[in-house]
Structures are given as C-alpha cells and as structure tokens.
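Novice: Each chain is listed here by its residues.
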Amino acid sequence: MQVATFAVTHHRFLDPSGRTVQPLPAFANDPETLRELYRAMVLTRTFDTKAIALQRSSRIGTYPSSLGQEAVAVGLAAAMTADDVLLPSFREHGAQLWRGVTPTEMFLYWGGDERGSDFAVPREDFPNSVPIGSQAPHAVGVALAMKLRRQPRAAVCVFGDGATSKGDVAEAMNMAGNWRAPVVFVISNNRWAISVPRAAQTAAATLAQKAIAAGIPGDQVDGNDVIAVRHVVGEALHAARAGGGPRVVEALTYRLSDHTTADSAKRYRDQDAVAEAWKEEPIGRLRAYLTGHGAWSDDDECQLIDESTARIDRAAEQYFAMEPAPPSAVFEYLYAALPKALEGQRDEVVQGHHHG
Amino acid sequence: MAEMRIVDAINAAMARAMADDERVIVLGEDVGIDGGVFRVTDGLIRKFGADRVLDTPIAETGIAGVAVGLAAQGMRPIAEIQFLGFLYATIDQLVNHAGRLRTRTRGRLTCPLVLRAPYGGGIHALEHHSESTEAMLAHIPGVRVVIPSSPARAYGLLLAAIRDPDPVVYLEPKRIYRAGHEEVADDGAALPLDTCFVLREGRNVTLVTWGAMVVETMMAAGLLASQGIDAEVIDVATLKPIDMATIVASVRKTGRVVVVHEAALSGGLGGEIAARLAEEDGVLRGPVRRVTGYDTVVPLAKLERHYMPSISRIMTAVRETMPSEIPA
Ligand SMILES: Cc1ncc(C[n+]2csc(CCOP(=O)(O)OP(=O)(O)O)c2C)c(N)n1
Ligand SMILES: [Mg+2]
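Just so you know, the protein sequences line up as chains H and U, in that order.
According to this note's numbering, the first sequence is numbered sequentially starting from 6.
According to this note's numbering, the second sequence is numbered sequentially starting from 536.
Each hint should be verified, as a subset may be incorrect.
[Unchecked claim] Calculated pairs, EDC-like style, for lysine to aspartate or glutamate (alpha carbon to alpha carbon, straight line, at most 20 Å):
no.	chain 1	residue 1	chain 2	residue 2
1	H	Lys152	H	Glu240
2	U	Lys837	H	Glu240
3	U	Lys582	U	Asp556
4	H	Lys271	U	Asp577
5	U	Lys837	H	Glu337
6	H	Lys345	U	Asp830
7	H	Lys55	H	Glu240
8	U	Lys837	H	Asp263
9	U	Lys788	U	Asp830
10	U	Lys837	H	Glu328
11	U	Lys837	H	Glu353
12	U	Lys837	H	Asp123
13	U	Lys837	H	Asp352
No wet-lab data here; the hints were simulated from the structure.
Start from the sequences and build out the full structure, keeping to the hints where you can.
Specialist: Put into structure tokens, the structure is as follows:
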C-alpha cells in the first residue's frame with residue numbers, strides 16, 4: 006500500500022547555448038532586467054579574478070572563488086527585496102555585491118579584517134558563515150522573528166551540497182516546516198565539497214528532496230541559468246512572504262575553480278569533467294541569449310568589462326588605503342561594554358603595541 | 536631513520552598503525568584522495584584502500600558518533616576533524632558517549648578511538664580556524680587530550696593514542712606542521728601518554744607549555760640563558776590527565792614557574808597547573824605567571840599578532856616570578 010508519493014521538478018529556461026527551452030517568465034521579457042543580471046554576474050567574476058590575484062600577492066588571505074556559480078548568487082539576490090535577509094555561506098560574493106556590500110568591504114573581510122563584516126548595507130544580512138551549515142538554523146530564527154511580527158519579509162539561507170549532510174541543515178529545514186517560517190533555503194550544488202563529489206555526499210538522488218522529509222516543497226533549478234534561479238527563488242520568496250511557508254531550492258551549478266586558493270583540485274578531479282562543465286557556465290549562456298536577441302553588442306561587452314575592472318580596481322585601492330584597525334579593537338566588540346575585569350588585558354594589548 | 540616534519544610523522548604513525556593492525560581505519564572529510572586539507576593522510580588511501588580510508592560527508596557529529604560505534608565493535612578508528620573549530624559538534628558524542636561508555640557498561644563496551652584535529656593560530660587563517668580550546672576538551676572525564684610539539688613526539692604519541700584502549704583527542708599544532716624536521720625512526724615505537732617531556736633542564740625557573748608554543752618558549756629559554764637565567768622547559772604533551780609529578784618535581788627544584796599557552800586565559804589549563812602547584816607545600820617560591828591568549832575572540836589576520844603570546848611576554852613573565860632577584 007502506497008501511502009505517499011513525492012516528486013522533485015527541475016526548472017530551466019535557457020539551455021547552455023542560450024536558447025530558450027520554454028517561454029520566459031514575465032520579468033525576463035524586459036531586456037534591461039536581463040542586462041542588469043548579466044552585468045552583476047560579470048562584476049562578480051571580475052571581483053573574483055581580482056581577489057585571487059590579491060591572494061597570490063598576499064594582499065588578502067585564503068579566498069573561495071565563485072567562478073561558474075555567479076548565476077546562483079546573482080539570481081537569488083535579484084529575487085530578494087531589500088527588506089529580506091540573506092544568510093550566506095561564504096561563496097555568495099555575487100549576492101553580497103547585488104545587495105550593496107561594497108567590493109572594498111569584501112576585500113577587507115577576505116583580507117582578515119573584521120570591519121569587512123560591518124558593511125554599511127544591508128544592515129540585517131548575516132556575515133559569511135564558515136562553519137558549514139551552521140547558519141541554517143539562524144535563518145529559521147530570523148524568519149520566525151519576521152513571522153511573529155507579521156512582516157511580509159523572508160530569509161534566504163544559502164549553503165552548499167556538502168552542507169546538506171550536516172545535522173544543522175536537517176534540523177533547520179524541519180523546524181522551518183513545523184512553524185511555516187518564511188525562509189527559502191538555496192542549496193548551491195556545485196557538485197563538490199572540497200574533494201568529495203556530490204555522489205559521495207549522500208545516496209539521495211537529489212538534494213532538493215531533503216525538503217520532502219521536512220514536509221516542505223523542494224525544487225531543482227538549473228543553477229547556471231540565472232533566469233531560472235531568479236524565477237524559482239522569486240516564487241518561493243513570494244509564497245514565503247505571503248504566509249505559504251518555507252521552500253528548498255537546489256541550484257545545480259559547478260565549481261569551476263579550486264575549492265579555495267589553498268586548494269589544488271587537480272589532485273582529486275578529472276580536468277576533462279571541468280572542461281565539460283565550462284560549456285554550461287552561466288555568463289556565456291546569458292550573453293548568447295542577449296546577443297541573439299539584439300540586446301547586447303560587442304561594444305556593450307567592452308564597455309562593461311572596462312567599467313567592472315575599473316570599479317573593482319578602485320575598490321582594491323580603497324582597501325589598500327584603509328587605516329589599520331587599532332589593537333584596542335581586539336577587545337572593543339567583545340561585549341556591549343568591556344567588563345572591568347578585562348580592562349587589564351585590553352590595556353596590555355594596547356601597551357604591547359607601543360613597545361612592539 | 537628518516538627526516539620528518541610533524542605532518543610526515545603523523546602520516547607515518549597512521550601508516551604504521553594501519554599496517555600493523557587491520558582494525559585501524561581512518562575516516563574524515565577529504566582524508567581520501569585529497570589526503571586531507573593539510574595532506575596529513577596523504578597516500579593512505581593508495582596503501583590501504585577506500586575500505587580503510589573513508590571520505591565522510593560533512594557531518595562532524597556523525598563522524599564522532601560513527602567512531603564510537605566502530606570502537607565499541609573493537610575497531611580502532613582514527614577520525615579526523617578538519618579543524619578544531621568544527622570539532623565542537625562532536626562534544627556531545629565525546630561527553631555523553633566516548634568518555635563514559637566504559638563506565639556506563641562497567642567495561643563491557645569500550646571506546647578506543649582517536650579524534651585528530653589541527654588547532655591553533657598564527658597562520659592568518661579564515662574565521663574559526665585559529666582557536667586553541669583544548670581546555671574545553673580536557674574538562675571531559677574519560678577522554679585523554681594529547682598535543683605533540685615535535686616530529687618525534689608526534690609519531691610516538693599518535694601510536695600510543697591509537698593503541699590506547701580509551702578515547703584520545705589528538706590535537707595537531709598546525710602552525711608548526713612543516714616548521715622543522717628531525718630524524719624520526721619509523722620503528723613503531725610509541726611514547727608514553729600521561730607523561731610530560733622535559734625539553735631543557737634548568738635551575739632557575741620552569742617554563743611549562745605545549746603545542747606550537749614550545750617554539751617561542753624554547754627561544755625565550757635561549758635568550759634567558761644569555762641573561763644568566765637557567766630555564767627548564769617542560770612540554771606537557773598529555774593535557775588530560777596532566778603528569779603533575781614531573782612538573783612539581785621541576786618547580787620544587789626551580790621554585791618559579793611560568794605557564795605558556797595560546798588558549799585564552801580564563802579557564803585555560805594554566806590555571807589548572809597553577810592550582811595544582813599551589814596545592815603542594817613549599818614548592819613555589821614566587822608568584823605563578825601565565826602567558827596566554829587573551830579572553831577575547833581570536834582576531835582575524837590583521838590583528839592576530841596582538842593575540843598570540845610572544846617571546847617578549849614570556850621574558851617579562853619570567854622576570855616577574857623573581858622580582859627581588861633580577862633587575863628589570
Ligand atoms: C562544520 C564544518 N566542517 C568542515 C569545514 C571545512 N570545510 C570548509 S568548506 C568545506 C566544503 C563545503 O562544501 P559545500 O557545502 O558543498 O560548499 P562549497 O565549498 O562547495 O561551496 C569544508 C568541508 C567547515 N568549514 N565547517
Ligand atoms: Mg559544494
């Protein structure tokens with residue numbers, strides 16, 4: 006006796022060559038909207054290239070590239086309103102840029118300066134979460150706070166394929182389901198968790214189906230099709246804000262880079278597979294669509310590259326020019342007010358600075 | 536004999552244990568073909584196969600819990616947690632199971648597992664990658680905590696940990712994984728657990744430390760010697776249980792003690808050592824000094840140097856233990 010059946014649907018609008026496979030959602034009929042998504046993906050990749058160069062010259066620390074994953078970050082951010090709250094993992098550079106975190110602030114963070122997580126906007130977004138999956142329960146808390154105050158807002162929590170193996174993520178999805186919390190979990194499935202391929206992470210056929218056990222809908226989307234990401238996350242957010250409860254969106258993409266600048270993926274993965282994955286990457290795909298529809302020219306492309314490079318280079322210069330934080334900052338933000346009992350330690354740090 | 540760095544010595548100890556005893560298996564994130572993010576398990580999967588070197592999903596609670604089950608079955612799991620910062624999820628398994636399975640079952644089921652993790656700061660790492668929270672782990676009854684500080688001790692202590700019939704958390708000072716090398720005989724000989732190592736003998740002051748701080752402490756001892764202060768240096772090595780007999784004997788001789796650790800001051804093991812010395816009659820002839828990390832979140836790279844205990848702080852602390860004897 007069958008007591009329940011479940012299905013996971015895959016969504017795509019543009020195929021890897023940029024051809025439409027089904028009618029586009031309404032927002033995508035405005036070429037300027039698509040150009041905006043395109044520019045954001047190019048800016049993200051420009052930031053990425055610069056960050057890797059800065060790491061190589063020791064101007065920032067270990068850095069996780071988002072090469073090939075730009076459509077996930079940009080698409081989900083474009084689906085959000087300024088009032089929604091983003092709880093990223095650490096590879097969502099494109100989402101942070103879209104939402105107003107400046108590249109200078111981002112260089113600051115990756116350069117090992119806490120001020121980079123004190124971005125001017127968006128003030129309620131969470132900082133990067135390095136402990137894998139640990140931000141997923143926070144997203145439920147954020148969403149619950151919105152729900153309890155009857156605000157038409159939602160939280161967006163992003164994590165990787167590897168993170169879906171963490172108890173935190175399972176617990177978060179389950180609690181979100183219980184309380185119909187307005188949260189959308191976006192799984193950025195880039196097929197790798199450092200050296201561990203997606204197939205070795207779980208025996209489950211899809212990651213979207215992890216939602217089903219929590220009693221919430223789970224969908225799969227082509228994560229290299231920014232239109233699909235924007236559309237599916239947008240619908241999920243729309244439902245969440247309107248009281249429809251949480252959703253899981255698994256975005257299928259590919260980590261074209263090493264895991265981080267400290268990694269060497271050649272040790273564990275076949276370069277042919279990476280070459281294959283390049284054929285699906287998101288930026289060329291949208292460009293093909295736009296040029297095919299007369300909405301993008303070579304001149305536009307040159308101008309965009311120049312502008313993006315100039316903006317990111319300027320941000321790097323601003324980062325270099327920042328005054329270093331004083332040693333007292335080591336204690337300044339520990340508590341709302343530094344307890345008297347810790348003043349001696351703070352003073353020691355500050356004085357230590359004076360005589361080296 | 537072979538020239539080994541700490542990372543090579545740990546690898547050699549695991550390979551030796553796996554060759555000697557087929558119950559020994561390695562599990563953890565990226566320990567297989569990648570050889571671990573620090574390459575500590577490099578080559579083990581080639582030598583021993585994927586049945587004995589298991590890449591796990593990202594699931595630290597699960598890794599520790601699976602190791603408990605394996606151990607209870609008589610296997611000898613060596614579980615790797617990629618960084619100490621991600622080990623906290625295993626504490627449930629350590630406190631509630633690994634450390635008490637023997638006690639709960641009156642010895643019917645036991646837990647001979649090793650949980651390895653790199654720890655410590657000073658490498659300009661990302662957030663959550665620089666902490667030194669060994670005292671939290673040393674607080675757990677029934678669990679040993681071991682930290683090596685040289686290639687030879689890394690080799691011998693890991694073999695001892697693997698062969699030990701009880702759970703051992705083995706923390707690896709990643710700042711000095713590749714800092715130096717020495718001749719290590721890959722002869723399968725273990726070093727004793729629950730035993731401090733006297734690294735340098737001296738008459739005037741005892742410097743007690745462990746892990747990567749051994750480097751700064753030995754350098755300070757060298758500088759002190761040139762100032763006429765003869766420092767004894769002790770590497771505690773097993774942080775739980777601490778071999779106080781060796782420390783007490785040393786301080787009985789020198790009368791002065793400075794404990795150096797990277798971990799935060801409050802609740803750090805320097806406090807435990809100081810208390811145990813204070814409990815001894817007529818051992819201390821001056822105030823105890825601790826040179827430690829501060830009671831704050833370990834700063835990111837740009838401010839990290841303000842956190843790490845320095846040689847000059849050790850020198851100052853030594854002078855403070857003998858205020859009347861040495862002019863500043
Ligand atoms: C709890 C935890 N365990 C281990 C790590 C070390 N680590 C950093 S990234 C990573 C892989 C993450 O894979 P995935 O979730 O797929 O995200 P991706 O890096 O592919 O974006 C691991 C194991 C960590 N940061 N946190
Ligand atoms: Mg991944």
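Novice: Now, for every hint given, state plainly whether the structure supports it.
Specialist: Taking the hints in turn, this is what the structure says about them:
1. Between Lys152 of chain H and Glu240 of chain H the CA atoms are separated by roughly 18 Å; this keeps the pair inside 20 Å, and the hint holds.
2. With a C-alpha separation of about 42 Å, the suggested pair Lys837 of chain U and Glu240 of chain H falls outside the 20 Å cut-off, and the hint is violated.
3. Only pairs whose Cα atoms come within 20 Å are accepted, and Lys582 of chain U paired with Asp556 of chain U is accepted, the gap being roughly 14 Å.
4. Note on Lys271 of chain H and Asp577 of chain U: the hinted pairing holds, with a Cα-Cα distance of about 14 Å set against a maximum of 20 Å.
5. With a C-alpha separation of about 15 Å, the suggested pairing of Lys837 of chain U with Glu337 of chain H holds against the 20 Å cut-off.
6. For the hint linking Lys345 of chain H to Asp830 of chain U, the alpha-carbon distance of about 13 Å falls within 20 Å, and the restraint holds.
7. Restraint check: the Cα-Cα separation between Lys55 of chain H and Glu240 of chain H comes to about 34 Å, which exceeds 20 Å; the hinted pair is violated.
8. As the CA atoms of Lys837 of chain U and Asp263 of chain H are separated by approximately 25 Å, the hinted pair breaks the 20 Å bound.
9. Proximity of Lys788 of chain U to Asp830 of chain U is assessed by CA-CA distance (about 32 Å); at most 20 Å being required, the pair is judged violated.
10. Distance hint between Lys837 of chain U and Glu328 of chain H is fulfilled; the C-alpha atoms sit about 11 Å from each other, no more than 20 Å.
11. A distance of roughly 18 Å separates the Cα atoms of Lys837 of chain U and Glu353 of chain H; the hinted pair therefore holds under the 20 Å criterion.
12. At most 20 Å may separate the alpha-carbon atoms for a hinted pair to count; Lys837 of chain U and Asp123 of chain H meet this at roughly 15 Å.
13. Taken as a hint, the Lys837 of chain U and Asp352 of chain H pair is honoured in the structure, with Cα atoms around 19 Å apart against an allowance of 20 Å.
In terms of the numbered hints stated before, the structure departs from hints 2, 7, 8, 9, listed from lowest to highest.
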